[in-house]
Amino acid sequence: MPTINPERLLGDLYALRKIGNYKTGVHRPTLSPDDVKARQWLAGRMTDTGLAPTIDGIGNVFGKCAASGRKILAGSHIESQNHAGWLDGALGVLFALEASRAISEDKALKNAGVDVIAFCDEEGHFGSYLGSRSFIGDVTEDEIDKAKDRTHGRPMRAALAEADYAGRPRLQFEPGRYAGFFEAHIEQGATLEQSKLKIGVVTAIVGLWDYRIKVVGQQNHAGTTTMKQRRDAGMTMIRLMSAFDQHMKKNTTPRTVWTCGKMEFDPGAPSIIPGEARANFQFRDTDAAFLEKTESELLAMAKQADQEGPCQVSVEVVRQSSPALMDESFQQALDEAGEKHAPNLWTRMPSGAGHDAQHLARVMPSAMMFVPSIGGISHHWTENTSDEDIALGSQVFTDAIARVLAR
329 MPTINPERLL
339 GDLYALRKIG
349 NYKTGVHRPT
359 LSPDDVKARQ
369 WLAGRMTDTG
379 LAPTIDGIGN
389 VFGKCAASGR
399 KILAGSHIES
409 QNHAGWLDGA
419 LGVLFALEAS
429 RAISEDKALK
439 NAGVDVIAFC
449 DEEGHFGSYL
459 GSRSFIGDVT
469 EDEIDKAKDR
479 THGRPMRAAL
489 AEADYAGRPR
499 LQFEPGRYAG
509 FFEAHIEQGA
519 TLEQSKLKIG
529 VVTAIVGLWD
539 YRIKVVGQQN
549 HAGTTTMKQR
559 RDAGMTMIRL
569 MSAFDQHMKK
579 NTTPRTVWTC
589 GKMEFDPGAP
599 SIIPGEARAN
609 FQFRDTDAAF
619 LEKTESELLA
629 MAKQADQEGP
639 CQVSVEVVRQ
649 SSPALMDESF
659 QQALDEAGEK
669 HAPNLWTRMP
679 SGAGHDAQHL
689 ARVMPSAMMF
699 VPSIGGISHH
709 WTENTSDEDI
719 ALGSQVFTDA
729 IARVLAR
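Residue numbers (this note's numbering): 329 to 735.
No lab work stands behind these hints: they were computed from the structure.
These figures come from a predicted structure and were not determined experimentally.
Cβ coordinates follow ideal geometry from the N, Cα and C atoms, glycine included.
Any given hint might turn out to be false.
Restraint-style ranges between C-beta atoms, simulated for each label pair [what the hints assert, rightly or not]:
no., residue 1, residue 2, range
1, T375, A616, 38 to 48 Å
2, E469, E502, 15 to 25 Å
3, R567, A343, 13 to 23 Å
4, T468, G589, 38 to 48 Å
5, H575, A394, 47 to 57 Å
6, G372, K351, 18 to 28 Å
7, A628, G378, 55 to 65 Å
Pairs of lysine-lysine, PhoX-like flavour, derived with a Cα cap of 25 Å [what the hints assert, rightly or not]:
no., residue 1, residue 2
8, K542, K476
9, K542, K577
10, K556, K631
11, K542, K631
12, K668, K438
13, K621, K631
Put together the whole structure using the sequences plus the hints.
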C-alpha cells in the first residue's frame, strides 16, 4: 500500500494556514482576496504534484491526473467560516492531494490515480453547497445570479468577476471516470476524542432542514398597553419556539438535533412591545422520513398559532438537504485501513454536519472519514488537531483509497 509523506503533508497544511491567518486560525471567506489567493496556491501545488489544474467559473479548483486506469475523486473545500479554524475542509483537500501523490509514487498502482478537487463555498457564504452542486449539474445560472454574500450582500457575480473567474465554464464530473468519491474532515465534535479513538468512518450524513419564522403583531407602548390588548410578536415567538422545543424532545431519533440559532425583535427596545419577530429554526437527522414527518408537524403547529392569534405567523423554507448514506464497500475499505494503522481505535459514526460528500453521493459511490477535533471545537479560531492525528488520518485515508483502486 502507498505510504504518505507526513512532512510534505504538514508543510502544505501549514503553508495554507498562513493565507488569511487569524490568531491561531484563518479568516478566508468565499471569494475574499485571501480565498482567491489560496485557490491560486492550491492550483500551483497541483501542478507540482503532476496534476493538471483548472479553476472554473464558480471557483472550484480541480486537479486532473493523467492515470489511464481506475480513478477516485477526492477533496473537500478550502474557504473558511469568518474568523474560524485552519483545518476544517482544508484538511480534506490536502489529504486528497497527498493521497494523489502517494498513489502516483506507488509502482503497484501505476495505472490508477486520484483527481483532487476543492469545492467552492461549502461554508455557504453565498448559497448552499454551490461548488459541489455545480459539479454534479445541480446549480442554474439563475441561482448564481441571485446569490449574495450573507455578510456584506455582495453579489456572487461581482465576486467571481473580481477573482477573474467570470466567463469561465463551470466544470461537471465526467460520467464513468470515477470509481467514487472520498472526503476527509475534522470531526467537528468530541465523540472521537472522548472515546480515545483516532478514526471515524462515516455511515451517513444528516439532512439539514432550516426555516425562517416570522411573527407580525402590533408595536405599542410597554407601559400603557394592557396585557389583554397586546399583540406581542416577541412573546408569541418565544412561546412558539418553546413549543417546537418541547415537541422535538418528545419526538426524536438518537441522531436528531435542533437549534434556534437566531431570534430578532423589532424595534428591539426595552419599553416597546415588539411589532415583529423573526427567528431561524433548524433540525437535522439521517432519516429522511423523520425529517418529512417533523416538518409537517412543526408547520401544523405554526398554522395553529397563526389561526389562534393574536399575531400572524408565517414560515419560510430556507434550505432542505437530503440525508446521504455512504457507500458500504467504501466504508469497509476505511474499516480495513483503520484497523491496519490504528487497531481498535476506529469506529463507524454518522456525521452531524453537512458536507460536499452528501451531494457527490447522489451521482457516485461516496465515503467520508473523520479525524479527532481537540476539545470538539470547530468553526472557531481555536480549532485544532494534533500533527500525529493528522498524519495517521492521512495514511488511513490514502490506504482506503488504494484498496478501492486495487480492486
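Exercise. Please flag the earlier hints that this structure goes against, numbers listed from lowest up.
Key: Numbers 3, 4 - these are the hints that the structure violates, sorted from lowest upward.
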